[in-house]
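Chemist: What follows is each chain in one-letter form.
4 protein chains.
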Amino acid sequence: MRILFIGDVVGKTGRVVILEKLPGLIRDWKLDLVIINGENAAGGFGITETIYNDLVDAGADAVTIGNHAWNQKEALVFIERAPRLIRPLNFPRHTPGRGAALIDAKNGARALVINAMGRVFMEPLNDPFSAVGKEIDACPLVEAADAIVVDFHGEASSEKQGMGYFCDGRVSLVVGTHTHVPTADHQILSGGTAYMTDAGMTGDYDSVIGMQKEEPVRRFTTGIPSGRFEPAFGPATLSGVAVETDDKTGLASRIAPVRLGGRLSQAVPEFWLN
Amino acid sequence: MRILFIGDVVGKTGRVVILEKLPGLIRDWKLDLVIINGENAAGGFGITETIYNDLVDAGADAVTIGNHAWNQKEALVFIERAPRLIRPLNFPRHTPGRGAALIDAKNGARALVINAMGRVFMEPLNDPFSAVGKEIDACPLVEAADAIVVDFHGEASSEKQGMGYFCDGRVSLVVGTHTHVPTADHQILSGGTAYMTDAGMTGDYDSVIGMQKEEPVRRFTTGIPSGRFEPAFGPATLSGVAVETDDKTGLASRIAPVRLGGRLSQAVPEFWLN
Amino acid sequence: MRILFIGDVVGKTGRVVILEKLPGLIRDWKLDLVIINGENAAGGFGITETIYNDLVDAGADAVTIGNHAWNQKEALVFIERAPRLIRPLNFPRHTPGRGAALIDAKNGARALVINAMGRVFMEPLNDPFSAVGKEIDACPLVEAADAIVVDFHGEASSEKQGMGYFCDGRVSLVVGTHTHVPTADHQILSGGTAYMTDAGMTGDYDSVIGMQKEEPVRRFTTGIPSGRFEPAFGPATLSGVAVETDDKTGLASRIAPVRLGGRLSQAVPEFWLN
Amino acid sequence: MRILFIGDVVGKTGRVVILEKLPGLIRDWKLDLVIINGENAAGGFGITETIYNDLVDAGADAVTIGNHAWNQKEALVFIERAPRLIRPLNFPRHTPGRGAALIDAKNGARALVINAMGRVFMEPLNDPFSAVGKEIDACPLVEAADAIVVDFHGEASSEKQGMGYFCDGRVSLVVGTHTHVPTADHQILSGGTAYMTDAGMTGDYDSVIGMQKEEPVRRFTTGIPSGRFEPAFGPATLSGVAVETDDKTGLASRIAPVRLGGRLSQAVPEFWLN
Ligand SMILES: [Fe+2]
Ligand SMILES: [Fe+2]
Ligand SMILES: [Fe+2]
Ligand SMILES: [Fe+2]
Ligand SMILES: [Fe+2]
Ligand SMILES: [Fe+2]
Ligand SMILES: [Fe+2]
Ligand SMILES: [Fe+2]
Numbered sequence: 001m002r003i004l005f006i007g008d009v010v011g012k013t014g015r016v017v018i019l020e021k022l023p024g025l026i027r028d029w030k031l032d033l034v035i036i037n038g039e040n041a042a043g044g045f046g047i048t049e050t051i052y053n054d055l056v057d058a059g060a061d062a063v064t065i066g067n068h069a070w071n072q073k074e075a076l077v078f079i080e081r082a083p084r085l086i087r088p089l090n091f092p093r094h095t096p097g098r099g100a101a102l103i104d105a106k107n108g109a110r111a112l113v114i115n116a117m118g119r120v121f122m123e124p125l126n127d128p129f130s131a132v133g134k135e136i137d138a139c140p141l142v143e144a145a146d147a148i149v150v151d152f153h154g155e156a157s158s159e160k161q162g163m164g165y166f167c168d169g170r171v172s173l174v175v176g177t178h179t180h181v182p183t184a185d186h187q188i189l190s191g192g193t194a195y196m197t198d199a200g201m202t203g204d205y206d207s208v209i210g211m212q213k214e215e216p217v218r219r220f221t222t223g224i225p226s227g228r229f230e231p232a233f234g235p236a237t238l239s240g241v242a243v244e245t246d247d248k249t250g251l252a253s254r255i256a257p258v259r260l261g262g263r264l265s266q267a268v269p270e271f272w273l274n
Numbered sequence: 001m002r003i004l005f006i007g008d009v010v011g012k013t014g015r016v017v018i019l020e021k022l023p024g025l026i027r028d029w030k031l032d033l034v035i036i037n038g039e040n041a042a043g044g045f046g047i048t049e050t051i052y053n054d055l056v057d058a059g060a061d062a063v064t065i066g067n068h069a070w071n072q073k074e075a076l077v078f079i080e081r082a083p084r085l086i087r088p089l090n091f092p093r094h095t096p097g098r099g100a101a102l103i104d105a106k107n108g109a110r111a112l113v114i115n116a117m118g119r120v121f122m123e124p125l126n127d128p129f130s131a132v133g134k135e136i137d138a139c140p141l142v143e144a145a146d147a148i149v150v151d152f153h154g155e156a157s158s159e160k161q162g163m164g165y166f167c168d169g170r171v172s173l174v175v176g177t178h179t180h181v182p183t184a185d186h187q188i189l190s191g192g193t194a195y196m197t198d199a200g201m202t203g204d205y206d207s208v209i210g211m212q213k214e215e216p217v218r219r220f221t222t223g224i225p226s227g228r229f230e231p232a233f234g235p236a237t238l239s240g241v242a243v244e245t246d247d248k249t250g251l252a253s254r255i256a257p258v259r260l261g262g263r264l265s266q267a268v269p270e271f272w273l274n
Numbered sequence: 001m002r003i004l005f006i007g008d009v010v011g012k013t014g015r016v017v018i019l020e021k022l023p024g025l026i027r028d029w030k031l032d033l034v035i036i037n038g039e040n041a042a043g044g045f046g047i048t049e050t051i052y053n054d055l056v057d058a059g060a061d062a063v064t065i066g067n068h069a070w071n072q073k074e075a076l077v078f079i080e081r082a083p084r085l086i087r088p089l090n091f092p093r094h095t096p097g098r099g100a101a102l103i104d105a106k107n108g109a110r111a112l113v114i115n116a117m118g119r120v121f122m123e124p125l126n127d128p129f130s131a132v133g134k135e136i137d138a139c140p141l142v143e144a145a146d147a148i149v150v151d152f153h154g155e156a157s158s159e160k161q162g163m164g165y166f167c168d169g170r171v172s173l174v175v176g177t178h179t180h181v182p183t184a185d186h187q188i189l190s191g192g193t194a195y196m197t198d199a200g201m202t203g204d205y206d207s208v209i210g211m212q213k214e215e216p217v218r219r220f221t222t223g224i225p226s227g228r229f230e231p232a233f234g235p236a237t238l239s240g241v242a243v244e245t246d247d248k249t250g251l252a253s254r255i256a257p258v259r260l261g262g263r264l265s266q267a268v269p270e271f272w273l274n
Numbered sequence: 001m002r003i004l005f006i007g008d009v010v011g012k013t014g015r016v017v018i019l020e021k022l023p024g025l026i027r028d029w030k031l032d033l034v035i036i037n038g039e040n041a042a043g044g045f046g047i048t049e050t051i052y053n054d055l056v057d058a059g060a061d062a063v064t065i066g067n068h069a070w071n072q073k074e075a076l077v078f079i080e081r082a083p084r085l086i087r088p089l090n091f092p093r094h095t096p097g098r099g100a101a102l103i104d105a106k107n108g109a110r111a112l113v114i115n116a117m118g119r120v121f122m123e124p125l126n127d128p129f130s131a132v133g134k135e136i137d138a139c140p141l142v143e144a145a146d147a148i149v150v151d152f153h154g155e156a157s158s159e160k161q162g163m164g165y166f167c168d169g170r171v172s173l174v175v176g177t178h179t180h181v182p183t184a185d186h187q188i189l190s191g192g193t194a195y196m197t198d199a200g201m202t203g204d205y206d207s208v209i210g211m212q213k214e215e216p217v218r219r220f221t222t223g224i225p226s227g228r229f230e231p232a233f234g235p236a237t238l239s240g241v242a243v244e245t246d247d248k249t250g251l252a253s254r255i256a257p258v259r260l261g262g263r264l265s266q267a268v269p270e271f272w273l274n
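Chains as they are written, first to last, in UniProt numbering: chain A, 1 to 274; chain U, 1 to 274; chain P, 1 to 274; chain E, 1 to 274.
Calculated from the structure, these hints are not laboratory results. Do not take every clue at face value.
Below, in silico cross-link-like pairs of lysine-lysine (DSS-like), each with a Cα-Cα straight-line distance of 25 Å or less [claimed, not checked]: (1) K134/E x K134/U; (2) K73/A x K134/A; (3) K30/E x K106/E; (4) K73/U x K12/U; (5) K134/P x K248/P; (6) K134/A x K134/P.
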């Protein structure tokens with residue numbers, strides 16, 4: 001099974017690169033499952049129903065989010081009619097939406113997609129480890145799901161690596177999001193789970209985490225806000241990770257970073273370029 | 001001028017890969033300046049005089065540190081007789097040692113090496129932006145230094161990128177350390193400064209930030225410490241970044257990640273291979 | 001019903017003032033329920049079985065703790081045979097011990113004692129609001145408990161006040177601990193719950209939160225640890241809050257601060273001095 | 001010399017109690033120096049020039065602020081023509097305004113008023129200890145100032161106590177602000193400096209730190225913002241601390257809490273009620 005996970009889409013330039021490139025990638029790489037983190041898709045802050053629909057139309061089988069989940073208030077409402085939109089499962093009880101969903105992949109396989117949020121240097125939330133553990137136990141790999149992907153939205157590399165090992169051998173992929181910078185530590189852990197600390201953002205890398213750099217630099221140097229954060233609008237890099245799983249075990253057989261367009265060094269999964 | 005920056009060396013396995021590979025790299029890649037972050041070199045916590053001397057003997061022209069600076073108490077003393085050991089310059093007044101030093105590179109060039117620490121999700125320290133700005137102003141590129149390298153030891157990608165743009169056009173390289181995960185966002189900023197959010201650690205990547213993974217995973221799942229953190233001892237990846245500067249401007253002409261040995265995907269600067 | 005809650009006992013001087021004064025207070029004020037936060041009783045860090053037994057022998061009906069719960073490793077074991085020792089209930093699943101207990105008060109009444117920890121500026125834990133809410137729902141005032149006391153161990157005044165209003169009308173007392181400084185905002189909230197942001201510590205107030213002041217001041221000014229934290233040993237102030245509840249409703253009819261001995265201005269519940 | 005320090009004025013109800021009561025207190029208690037923290041005076045967020053002028057007209061000799069300094073953008077401008085407005089002195093270089101000022105007291109004495117901000121659980125700022133130390137050294141008690149008052153705006157009780165001891169014997173009063181809850185630990189330290197961890201807020205205590213409680217409680221329980229924070233409007237308590245200094249030494253001879261109006265238990269300096 002071929003999985004593409006795409007990191008935090010930031011603003012219009014991020015959406016544009018998705019809409020332009022994703023359909024071709026699905027075709028060329030014969031993708032079975034595409035997951036996109038969309039928490040910054042709407043002007044850098046949250047996601048709207050229109051944007052969610054655009055991402056699904058472009059080929060996303062699931063859309064995950066994170067700490068910016070509710071920046072667009074409408075998300076609290078439309079998430080109930082957006083079955084492929086998955087918010088962190090360790091949000092408080094009674095939060096609208098779902099933290100995990102069994103999705104039909106493009107090849108008909110069953111893919112469990114889980115979104116969880118880290119707590120180190122983040123807002124207080126319920127324990128992501130026990131929450132993710134419960135979901136995996138309730139829908140185990142092979143038996144109940146052909147693939148399991150965990151988007152662990154967090155700041156600290158230690159906590160993200162901890163989640164990787166916690167899930168190792170039980171899920172297909174643990175991939176981090178939130179720092180908006182792709183890491184180069186993609187690997188298959190000893191138990192067979194693909195892992196990458198951060199998928200990076202899909203946005204303009206001539207920026208501060210996707211935002212025009214003048215205002216953030218001014219805040220760092222003066223300590224005084226003097227304007228709003230606005231998404232940068234230069235060409236975006238589509239940033240993420242490609243994983244191939246073994247159909248018998250649901251575990252990972254290959255992993256490679258993906259970086260297409262924009263300023264970053266380009267990367268594609270050689271193993272899918274027949 | 002050819003610069004190699006190597007990220008946080010963690011424990012014995014990290015030191016071993018340095019001692020084994022660095023002399024050959026200096027020769028093969030004709031390196032002019034080698035800087036190593038050694039804040040975790042002594043059993044994961046701090047640095048001793050013996051280890052500092054070993055790193056210098058292996059070819060380090062400068063050794064930088066970070067929040068673990070004083071974990072080995074002797075560092076507070078021997079730093080005064082270790083001219084190539086550079087600690088964060090925004091530590092409080094009267095802190096032993098120096099936060100920046102003009103180093104003689106292997107080719108006789110003058111290299112200003114600055115170590116600073118971020119403040120987002122870190123301990124309280126003085127403003128790293130104004131502190132770095134003052135050092136650069138006092139020893140400007142071309143006029144007073146042939147190369148300037150800033151090791152910005154920090155957690156948040158936003159703050160590290162902010163430092164990159166703050167220094168852009170005025171220094172040769174701004175490279176982050178501290179997260180212990182290499183990033184894939186190496187680039188030359190529009191003003192000519194090479195930039196990479198994190199150099200990664202030089203250690204065993206079958207670990208939680210270089211430490212054996214059992215104890216950290218247990219703490220994440222139970223919340224209760226049940227032992228000490230000990231460095232992992234599997235084969236290490238030497239992780240860092242290679243930069244070539246223009247001799248006229250001191251700015252960067254090329255940048256590439258370096259990952260040698262261990263579990264991570266391997267990377268070398270193609271532009272220095274013959 | 002007459003309730004005395006005593007804030008974080010710090011070190012030997014804190015234990016001494018308890019042992020000296022508590023038996024007399026129980027007698028003179030005709031106390032029905034005494035709760036002591038003991039998280040710093042053992043040399044400033046955690047609690048041992050011997051100390052727990054001493055506090056119970058001195059008259060404590062329940063002993064609560066907090067973030068220092070497991071500093072003394074034996075607490076993880078002896079808590080199972082210490083029915084009056086109550087640890088924060090929003091610790092991770094499978095944590096030894098209990099987060100709430102129905103205690104027999106001295107007058108035979110049933111007192112539900114709940115210990116919870118805040119999350120603002122604290123370690124990540126499960127949601128204290130839903131956790132406390134569930135306990136109250138399962139054992140409601142009047143019906144199942146004659147008094148309910150919540151020790152909310154937290155840093156931020158906003159979160160502690162939030163817990164006060166969240167519980168207002170449903171419990172007898174919400175009292176904060178952890179800052180080690182008594183607050184002067186004791187009041188009965190509009191729904192009838194007694195509230196005080198922090199009970200203060202029971203320790204030597206010629207100190208930094210109960211610890212000898214030299215080392216903390218040195219760390220604040222130099223940023224460098226140069227020794228261990230040791231409890232101050234001057235005369236302690238017993239610091240806490242006195243509450244009288246209405247026997248029909250279990251809600252509070254009176255509240256007053258208690259400060260006895262040591263450097264702080266003295267305070268006693270005038271309404272119990274017949 | 002008779003000093004009254006009044007803690008964070010929150011919103012209109014806080015301003016009203018100041019305007020109503022302060023002129024009478026100045027007269028009855030024969031106050032020589034009145035300092036008010038006004039960081040929340042404008043609808044809970046920042047301060048305007050009109051409000052600053054109102055506070056000065058009511059009798060404030062100095063107005064201090066804190067982390068909410070610039071919530072009202074006009075403060076960045078009018079502070080330059082508001083000589084009695086003092087912002088934290090450890091803000092970044094080039095911040096408008098001043099962090100300390102020598103004020104003419106009502107009795108003609110020279111009062112050095114310093115505002116500094118803590119860094120524990122706060123935004124990153126420069127070292128408040130060395131900054132305060134420099135101000136005191138430059139304008140020492142007795143020689144250059146008849147009284148010195150430090151408003152240390154901070155979260156952590158440990159850091160505030162640390163500042164108290166750091167200044168002990170060199171200033172008249174170190175008083176904390178920011179938590180919006182008055183503490184009951186007012187004392188004269190062994191070196192002669194009056195100290196109180198927090199002056200409390202001047203606002204409605206049927207609230208969450210001065211704000212209407214519904215929205216904060218909702219955020220604590222659901223994690224989702226659903227409205228703005230608005231100041232509570234019930235009757236305010238004027239909360240602060242009264243200090244009398246020795247004219248020869250400038251050190252404190254008496255200290256007492258002040259709580260007037262509103263829900264809190266009332267407190268006045270008995271020693272000034274002849
Ligand atoms: Fe994001
Ligand atoms: Fe995020
Ligand atoms: Fe490190
Ligand atoms: Fe570090
Ligand atoms: Fe405590
Ligand atoms: Fe505590
Ligand atoms: Fe305030
Ligand atoms: Fe504040």
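Chemist: All hints, please: hold or fail.
Modeler: Structure-based check of all given hints:
1. Between the alpha carbons of K134/E and K134/U the distance comes to roughly 20 Å, so the proposed pair stays at or under 25 Å and holds.
2. At most 25 Å may separate the alpha-carbon atoms for a hinted pair to count; K73/A and K134/A exceed this at roughly 29 Å.
3. Distance restraint check for K30/E and K106/E: the Cα-Cα separation of roughly 10 Å lies within the 25 Å cut-off, and the hinted pair is therefore satisfied.
4. Distance restraint check for K73/U and K12/U: the Cα-Cα separation of roughly 19 Å lies within the 25 Å cut-off, and the hinted pair is therefore satisfied.
5. Restraint check for K134/P and K248/P: the C-alpha separation of about 23 Å stays at or below 25 Å, so the hint holds.
6. Taking the CA atoms of K134/A and K134/P, the gap is near 20 Å; set against the 25 Å cutoff, the hint holds.
When each numbered hint is compared with the structure, a violation occurs for hint 2 only.
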